[in-house]
Amino acid sequence: MEIEQLLMQSLQLLGLGMGAVFIILVLLIVIISIVSKIVPEEVTPPPGMIQTSVDNNHIVAISAALHQYRKNR
Amino acid sequence: MEIEQLLMQSLQLLGLGMGAVFIILVLLIVIISIVSKIVPEEVTPPPGMIQTSVDNNHIVAISAALHQYRKNR
Amino acid sequence: MEIEQLLMQSLQLLGLGMGAVFIILVLLIVIISIVSKIVPEEVTPPPGMIQTSVDNNHIVAISAALHQYRKNR
Amino acid sequence: MEQGLLQLWASTGLYNFTFGQVAMIVVGGLLIFLAIHKGFEPLLLIPIGFGGILANIPVAAIAGPDGLLGILYQAGIETGVFPLLIFMGVGAMTDFGPLLARPSLMILGAAAQFGIFFTLFGAIAMNLIPGIEFSMADAAAIAIIGGADGPTAIYVGSRLAPDLLGAIAVAAYSYMALVPIIQPPIMKLLTTEEERKTKMTQLRKVSKLERILFPLILLLVTLLLLPSATPLVGMLCFGNLLKESGVVDRLSNTAQNELINIVTIFLGLSVGSKLAADKFLSAETLGILLLGMVAFSIGTAAGLIMGKIMYRITGKSVNPLIGAAGVSAVPMAARVANKIGLQANPQNFLLMHAMGPNVAGVIGSAVAAGVLLAIVG
Amino acid sequence: MEQGLLQLWASTGLYNFTFGQVAMIVVGGLLIFLAIHKGFEPLLLIPIGFGGILANIPVAAIAGPDGLLGILYQAGIETGVFPLLIFMGVGAMTDFGPLLARPSLMILGAAAQFGIFFTLFGAIAMNLIPGIEFSMADAAAIAIIGGADGPTAIYVGSRLAPDLLGAIAVAAYSYMALVPIIQPPIMKLLTTEEERKTKMTQLRKVSKLERILFPLILLLVTLLLLPSATPLVGMLCFGNLLKESGVVDRLSNTAQNELINIVTIFLGLSVGSKLAADKFLSAETLGILLLGMVAFSIGTAAGLIMGKIMYRITGKSVNPLIGAAGVSAVPMAARVANKIGLQANPQNFLLMHAMGPNVAGVIGSAVAAGVLLAIVG
Amino acid sequence: MEQGLLQLWASTGLYNFTFGQVAMIVVGGLLIFLAIHKGFEPLLLIPIGFGGILANIPVAAIAGPDGLLGILYQAGIETGVFPLLIFMGVGAMTDFGPLLARPSLMILGAAAQFGIFFTLFGAIAMNLIPGIEFSMADAAAIAIIGGADGPTAIYVGSRLAPDLLGAIAVAAYSYMALVPIIQPPIMKLLTTEEERKTKMTQLRKVSKLERILFPLILLLVTLLLLPSATPLVGMLCFGNLLKESGVVDRLSNTAQNELINIVTIFLGLSVGSKLAADKFLSAETLGILLLGMVAFSIGTAAGLIMGKIMYRITGKSVNPLIGAAGVSAVPMAARVANKIGLQANPQNFLLMHAMGPNVAGVIGSAVAAGVLLAIVG
Ligand code: NA
Ligand code: NA
Ligand code: NA
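For the record, the sequence lines run as chains A, B, C, D, E and F.
Be aware that the first sequence starts at 0, since it is given in numbering that gives the first Met the number 0, and climbs by one per residue.
Be aware that the second sequence starts at 0, since it is given in numbering that gives the first Met the number 0, and climbs by one per residue.
Be aware that the third sequence starts at 0, since it is given in numbering that gives the first Met the number 0, and climbs by one per residue.
Be aware that the fourth sequence starts at 0, since it is given in numbering that gives the first Met the number 0, and climbs by one per residue.
Be aware that the fifth sequence starts at 0, since it is given in numbering that gives the first Met the number 0, and climbs by one per residue.
Be aware that the sixth sequence starts at 0, since it is given in numbering that gives the first Met the number 0, and climbs by one per residue.
Since the hints were derived computationally from the structure, they do not count as laboratory data.
Note that the structure is predicted; figures quoted are calculated from it, not measured.
Ideal Cβ positions, reconstructed from N, Cα and C, are used throughout, including at glycine.
Which bits of chain E does chain A cover? Going by a derived footprint, with three or more residues having C-beta under 8 Å, they are: (1) 106-120; (2) 123-132; (3) 217-224; (4) 359-369.
Just chain A, same shape as in the assembly (with noise of 0.2 Å):
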């Protein structure tokens, strides 16, 4: 092939490339702009509980013994 003609297909991949990727990125974001709004709201919040459970020295202790528990059985 010539480099015009491969200059002009790298081109039309920018284009299509470029196309694509806004495509599909705008789509996702419209998709989960609606989605938010139809989730009901949680009432606890899931990160920060996690994080919390790691301080609270009571779950890690049964924790602990859970797993000993499980390790030796």
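Got chain A sorted already, so can you dock chains B, C, D, E and F with the ligands onto it with the hints?
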């Protein structure tokens, strides 16, 4: 193969299969029972021992340290 | 191959093999010795450091908890 | 530019979808929903469901011979490696203590395998229905669903009827998840209130040596009588020996954690790759789902009836409910027996007593699989 | 004895070395040095560098079809299995929360992919230089370096231009490590002090259900519009679903720890096996290194310009710096955006805001990879 | 029914067993007994013994090309992948610090390899006995047992004499387990009480940089002089670099834990699959067991004699006992040296001093393996 033949064969399989399952499991029952009589009883109960060792903070601390050591080696 | 030939060849291998092993390990001794003189000494001893961190109960406790947390998550 | 656009459009899913693929993607999504929302065996059904979605994406050919799922399937399912490694991990996780403490209860795990062989007969009988055509191999692969044991079902299915594997695996894991719904009515129907109230005496302690010898004895008996069951039984015994020997904890821990997890991911995705529309969306699948339910129910009933027999023979010292745990579905079926026992008598803890028949059921269905592979395979 | 000595001497490295092999061993050592001493992506560059050394040892043929590296390469790179499993692990490690909290910022992750397609054009243009000859497939494989995502680059490279894979992987990981050096000058050049000072409002909390639905929605959109991207996007989504479902933690943990570690070791060594002297020591490699830098820079600039547009449109509520994180290079690029933001305003914490575009960049480059595979592949 | 019964009977082990298979199953059981009860290298001998049992089950063909063990063997032993990955894990577990602290002691690890080459000669000489016929390749594969290093023995054995692999691996691991029984008499015979009492000065501290450079130097020397040893030495160095670099702890941890555990399970089972009756139950196996013992003893003696030479040269600052640790068998041989030293002098702690020659022995036998592969392979 005709359907009657297949049905006949599957009835045979039912007999052979359940026969094999029962023979093997009954044989196991017999052998295990004999073995349990031959094998000397343990003085210290091993599953209980493990249970205790979980509560035993000392051992847990040591094994945690060992574990760390191995990890950091 | 006749047995004498094989025996001869295995004697050769003995010489070549032990020669290769000694040459390579002696070369390593030389290079390592030179490198150990070039490399600057460290101020804080790194293997000791690790050793210490094992004894440090605080760090062990924290890392044990973290370890548990990661396992049980 | 136009040409490129057309090429891109012709490569979209929208352009290439068939109805069957869309339907199977919905099925895959449904499995994932049941796994997450209802807690149906999520360890298997999430990978299977996701694999089913990936396998039905047009153009990408992810389940094709050069796609990720196709490669995993060839490497691990076609060869039988994945289910055997899972079985090794199951062995390393299984405590045969309750079974060893009271070996006679193993008979309950034998009786419950009746579900398998009854279903084999039923599957052949279904050939009388027009549109359904099961060969003996197909029937055997379907019947093993009644073993209530995932890796056994996948191992037998992949050997005897790979085309039906997707439906068989889905049915097996779904019904295992449904044990708490399927079993209780049968249990209540077949047992009296008085029987269900039966308390059982505490299990004796089992020595370390007995635990070490058991996997070796089990392997020995199997290899003498039914070598075709030794791949499955052998790996179960190997995993259990790693655990009970007490001298190779690092191997045992890896077998029951990282290794089984890795293989579970690969196995689930591979099995999902068999949820191809043309194989799954057929009368056969309906037949499989129906027969699987029959197999579970009959197996449960057979275990219960054997439990009632033992209740009589032993002078009311065996609670018949634990017979239902003989189908395997470890440990769900044992928990169900415990729960129904507690409903009849709040001081009646059957869990450990039910674990014996429960793990015996795993052995029983591996033996049944050996028979099917020896005669039908 | 003489014969044996000669045979041994003829089998030494000293006797057999070519100049190219020596040079490549030095290159491998350099990569290891950069990885250990400078902290350049050591998880990949140590295995790649070491693999490069092993591959260039004469006589041993470790990278040959029967050598360890050759076997690993065939099993995992040629098939695409390794990068896809890495992507699964990445999915299991990725928190899409920030992206879900403010989805509009995904547009920044789209804009930054301009670096890829501009570089494609640039690579073809380089054919005008004598001695360099890139086919369309080569150009596409090189361009994907601009995606700033290692497994995507390796996946596309192995599919489109396996001969260039060594150089492409080295360039991709090197530039990802160089993000803190490459990006800041561009960021300062293209933004004003006032823009960089822009504070952003705290992100809303994202519910568990949204997190679970996201990977499924992402897969759905991709399979409808661009099935050729579904191997990559699908495994990313699968890994993320394992994590977010919350019911298969043991699989998720294995996917993001042991499994990804094992595959990383194998993938690094395999990629290193493509650092063969005759392929690497060529004008093409220089072109690849140059084009990779261009790709990163243009991608960064495109993200920043889109960031400036959003700064205007949203009434100064978006800090344009986070646009630079759209190239992916997770999480380095987000950290760089945070650092430059802090320099302008010590109370300006952009990290979480930059994570959204950052992970969107991973999706964006996987989509771009899909386009390249669909049209060029 | 009769036909089915006959078919089932004809498929039993009882019907199909040969005497050889029964004998080999007993051998497998014996290995497991020794591993559990006597603590003989259980990590390897339990999988090898169990694999040996599985391989000798009639009908099931588990060691056949389509059986689990056969598949694992083809994938990992025939290719050399398993022992090389084990070597990587060993590298990640090995502390070369003691060796770097006093490099001159490496000479002890060189001397102990005399056991290998002496045994090679002995094996060839055994051809004079009627019924035994060892080719040069066989002899080399047997001789490597004297290296006292499992993965090296398996690697060389699988390359040079796959038929003898089962016996070679069993001999290698058995003698490694027997080091505390085999070595002490030789140590006491060849050293005087005064020599054994020799205390050694504390080792200097070794810097992090020296530790990082060592695997690279080792690889460099090996690739220059003996490329055929670089697969083994290279993976050892790679694993050690992962560990010492300090920047890829997650890879190093995986290499020395989960990955090596998984591979150990697979390797053990695969090696066990070579315990086939027709290969193992032969005069050759007796020869291998005998020669392995000779190799260990001669290697120990050679190390001790070199130790005595160093004792003289260094003015009694080297305890000759640590020479025995030069055979490798890490860390057992070093512990034995320590124990015998303590018997002579309760304040004489030789463990760390013996670790240097001990790990040097690993390098030494990998180098010896390279020579054998280069000239015989
Ligand atoms: Na069962
Ligand atoms: Na990107
Ligand atoms: Na050695």
